[in-house]
Amino acid sequence: MAARSSILAKTVSTPVILIGILLIVALVALLVKSGPFNQTVIDIFIRVVLVVGLYVFIGNSGVISFGHIGFTCLGAYATAWLTIPPPMKKMALPGLPDIILNAKLPFAPAIVLAAIFAGVCALVFGKILMRLSGIAASIATFAMLALINQVYSNWERVTGATSSVVGIPINRSIWPYAICAFVVVIIAYLYAISRSGLALRSARDEATAAAASGIDIPRERLIAFTLSGVIMGLGGALYAHSVGVVTPDTFYLGLTFISLSMLVVGGMNSLSGAVLGVVILSTIIQILRWFEKGVPIGGTTLTIPNGLQEIAIGIVMIVILMYRPSGLTKNRELVWRGWPFRGLFGGA
Amino acid sequence: MTLLEVKDVTVRYGQLTALRKASIGLDEGETLFVTGPNGAGKSTLLKAIAGVVSPREGEIRLDGRRISGRAPEEIARMGFSMVPEGREVFGGLTIEENLRLGVGMRADKDQAERDLEQVYAVFPMLRERRDRHAGVLSGGQQQMLVIGRALMAGPRLMAIDEPSLGLAPKVIDDVYAILLRLRDKSGLTLLIVEQSATRAMLTGGRMILMRSGEVALAGDARELARGDTLRAAYFGYGDH
Amino acid sequence: MTAVLQILFDALSLGSLYALGALGIALIFGVMRLVNFAHGDYIAFCVFALLWPSIDAAAIVFIGKLPSLILIPLVIAIGAGLSVLSEIVVFRRFRNANPATMMIASFALGFVIRYFLLMLYSSRPKSIDLWSNLSLPIEIFGARIPLLQVITICTTIVVLLALTAFLKRTRFGLEMRAAAENFTMARMLGVRANNVIMLAFALSGALAAAIGLILVTQTGTVDIQMGVSVMLVAFIATVIGGLGSLTGAVIAGFLIGGATVLMQVILPVDARPFRDAFVYAAVIVTLIWRPNGLFAPKSAKQRV
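Chains as they are written, first to last, in numbering that gives the first Met the number 0: chain V, 0 to 347; chain U, 0 to 239; chain X, 0 to 303.
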């Protein structure tokens with residue numbers, strides 16, 4: 000226990016700094032008071048939830064998952080089932096069981112239940128998938144994503160198939176999203192310093208030695224997988240409430256690509272990398288979006304074609320993988336080492 | 000004339016220094032034995048020459064041309080042939096395909112055909128099984144195959160990592176008999192990592208002893224093997 | 000009897016498509032341990048090359064107008080060229096990276112290619128009439144089989160035979176097989192790494208082009224997403240077949256094709272839309288049963 004509290008003392012500044020950074024983002028949004036900008040900041044918080052969710056599994060286990068956005072899909076639809084007004088549900092999604100059809104939950108319990116639902120599904124999938132490792136595991140998670148997408152794209156009476164599910168109550172305040180992002184950062188931090196998180200990271204770096212010292216790798220991976228499933232589901236639920244509409248294809252390769260790139264750019268194995276990756280790439284995306292809409296420079300309007308945004312992100316990602324495969328943070332965490340910012344980046 | 004020159008070569012694997020300013024020279028037609036305890040850097044030395052690991056410092060020259068920093072295939076094409084530790088046969092390829100792999104870089108295809116006949120003459124067992132997959136061979140047979148394969152590349156310098164490891168004494172005798180015949184007949188230069196000092200003594204040639212990544216001792220194989228110097232240096236007592 | 004024959008042809012032609020895809024993935028995996036997520040986008044790129052870049056809804060046919068004898072080799076060359084280019088520009092710099100890093104890099108490259116197409120052609124699917132008369136059925140033993148299916152199957156058989164001959168009978172083939180088994184040793188025997196890898200990329204890209212041509216003839220549409228589903232199945236096939244085994248990849252491709260068609264036939268009508276989901280589930284189960292695939296070569300143990 001003594002060892003645990005010393006780890007806590009040495010690293011507790013990391014989540015504090017990260018939440019501080021996110022708070023600054025939130026305050027900027029409050030000061031600007033523009034509707035579109037408000038939405039942008041909400042997007043950032045949702046992405047923080049998603050990318051930190053990815054980090055909990057990928058960062059700690061070292062196994063690349065292409066399937067986690069599947070859990071986001073599960074979470075988003077779950078909150079839709081729970082919160083759309085019953086008359087609309089009976090029209091659009093008549094296949095739902097009666098108890099859900101007649102339910103109309105408020106925001107908070109709905110997103111919690113949605114996250115738990117995604118977590119239970121992650122537990123079931125993980126039970127099967129966590130026996131695999133390396134490339135086979137990555138491909139299997141990809142198959143899982145396709146499986147979830149196929150089911151949700153075809154289950155007409157329960158998911159509305161490929162058509163949009165509308166009528167999800169929209170929540171435009173940034174605080175629920177910000178608080179969820181803070182909570183997720185804290186959860187990810189607590190998991191990383193927990194017995195399971197430490198065991199998993201030691202197994203990531205030294206698989207043979209860890210197995211020899213009695214670490215049950217599939218079990219620890221399953222814990223991380225389930226926890227990250229919960230967080231991804233929460234992210235999906237938040238997404239659903241931020242725009243009010245869900246379709247299966249929202250939660251497929253595009254979102255997988257963006258979230259993975261944010262994690263990679265920041266540094267796959269660090270929580271700070273996950274958060275900073277979101278902040279940095281979101282900023283780049285926002286700037287590129289302005290240019291896509293057209294920015295007046297001098298007398299003319301400079302417009303870049305649609306698609307250039309993704310191309311630019313893809314290239315940034317490849318270049319970072321080439322020259323700095325451990326990401327911008329070099330897989331280290333932000334830690335506080337006294338004032339002023341002396342050695343902001345500490346060991347992993 | 001000097002065929003191979005290794006000068007002050009240092010190799011590191013991460014934090015670990017496997018080779019520390021090692022220098023050796025090897026004349027055309029000469030035989031050099033490299034001996035020493037496990038982890039002394041013998042295999043690393045061979046890998047550095049082959050271009051599989053790149054030296055942090057120092058340089059390696061083959062026939063006067065700098066080879067350190069070049070790709071393994073280029074070094075092979077300059078006349079260096081290697082039999083690495085662990086044999087490394089291509090189990091999914093037939094025996095003849097294994098043998099023919101090294102021929103690709105040779106210009107003298109006719110001579111290569113004659114060499115193939117010669118390898119088969121030396122190892123008749125390989126001829127009998129030429130169309131079988133190399134994966135089915137026993138350890139000793141695989142050793143013959145990789146030596147034959149290295150010879151098929153038509154090398155001027157051949158490096159062998161522990162030719163006698165895991166082989167029956169009779170087979171070791173055969174392997175050495177063949178290597179020496181090639182050395183005497185076609186002027187092949189040999190660089191052999193060998194744990195057995197007796198073997199080096201019987202064969203003759205020069206010998207170096209490596210310890211902790213350094214060349215600890217060098218001299219005539221027979222003289223070194225006779226006295227106590229070798230044992231002293233091997234186990235690291237005695238002052239030098 | 001004719002119904003069985005029809006199912007058999009359906010299964011073989013779908014399996015052919017998957018087998019060609021799996022082969023493209025496995026060829027590159029064999030020589031550099033890269034799972035190439037950009038493969039599906041090579042397929043789409045080759046198909047879009049038939050059109051003139053324009054974001055209008057109507058397709059402006061460009062290369063697609065050429066006579067088949069020129070068109071086919073040209074599209075195949077485009078596929079091979081794009082694939083080799085991605086090797087030179089991107090993957091060459093990842094030679095010493097771990098497989099996970101390479102995999103993510105290829106994922107990013109795939110997105111760059113996809114959005115490049117989106118930028119030039121917009122994201123709307125367009126229709127194109129390429130050899131549509133091939134969809135007419137012909138009669139084989141009383142069963143009416145679309146000519147395209149027969150051509151797909153024959154093409155695949157020819158490709159597989161040619162590739163086998165290439166790998167078994169030629170010097171380059173020998174070097175590729177050796178490199179797939181043990182790259183370092185092959186290089187120490189003078190096998191030129193760059194040549195072998197570029198050849199693998201070229202073959203893989205050519206296969207992607209062939210898949211693209213078959214797909215566009217079948218569906219009559221071009222879409223920036225069109226390679227994704229084939230690529231996904233191709234990945235799965237290479238894993239099921241045993242990463243590193245070309246034969247395994249091809250067999251697994253046919254198996255998945257067969258399983259998909261079989262599901263379509265035996266599933267109750269209500270469950271048919273979930274056909275692919277059942278196939279993916281079957282795949283996951285297979286992996287649990289044989290984590291290294293059905294035909295894992297001894298040499299292809301994962302390099303840790």
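You may find that some hints are simply not true.
No more than 20 Å apart at the CA atoms, straight line, and that leaves these computed lysine to any residue pairs for SDA-like [unchecked claim]:
1. X/K167 - U/R128
2. V/K292 - X/I265
3. V/K126 - X/A281
4. V/K292 - X/S122
5. V/K329 - X/A99
6. U/K108 - X/S122
7. V/K126 - X/I287
8. V/K126 - X/T285
9. X/K167 - U/G90
10. V/K329 - U/G13
11. X/K167 - U/G13
12. X/K64 - U/R99
13. V/K126 - X/T183
14. X/K64 - U/R131
15. X/K167 - U/R99
16. X/K167 - U/L92
Everything labelled a hint here was simulated from the structure, so no lab data went into it.
Checked hints:
Between the alpha carbons of X/K167 and U/R128 the distance comes to roughly 18 Å, so the proposed pair stays at or under 20 Å and holds. Taken as a hint, the V/K292 and X/I265 pair is broken in the structure, with Cα atoms around 51 Å apart against an allowance of 20 Å. Our distance criterion of 20 Å between C-alpha atoms is met by V/K126 and X/A281, whose separation comes to about 16 Å. Note on V/K292 and X/S122: the hinted pairing holds, with a Cα-Cα distance of about 17 Å set against a maximum of 20 Å.
A hinted pair counts as satisfied when its Cα atoms are at most 20 Å apart, and V/K329 with X/A99 qualifies at roughly 16 Å. Among the hinted pairs, U/K108 with X/S122 is inconsistent with the structure: their alpha-carbon atoms are about 56 Å apart, more than 20 Å. Restraint check for V/K126 and X/I287: the C-alpha separation of about 10 Å stays at or below 20 Å, so the hint holds. For the proposed pair V/K126 and X/T285, the alpha carbon gap of about 15 Å is at most 20 Å, so the pair holds.
At most 20 Å may separate the alpha-carbon atoms for a hinted pair to count; X/K167 and U/G90 meet this at roughly 15 Å. Proximity of V/K329 to U/G13 is assessed by CA-CA distance (about 17 Å); at most 20 Å being required, the pair is judged to hold. Restraint check: the Cα-Cα separation between X/K167 and U/G13 comes to about 40 Å, which exceeds 20 Å; the hinted pair is violated. For the given pair, X/K64 sits about 47 Å from U/R99 by alpha-carbon distance, which is inconsistent with the 20 Å threshold.
The straight-line distance between the Cα atoms of V/K126 and X/T183 is roughly 38 Å, outside the 20 Å bound, and the hint therefore fails. Distance hint between X/K64 and U/R131 is unfulfilled; the C-alpha atoms sit about 51 Å from each other, more than 20 Å. Restraint check for X/K167 and U/R99: the C-alpha separation of about 13 Å stays at or below 20 Å, so the hint holds. A threshold of 20 Å between alpha carbons decides the hint, and for X/K167 with U/L92 the separation of about 10 Å falls inside it, so the pair holds.
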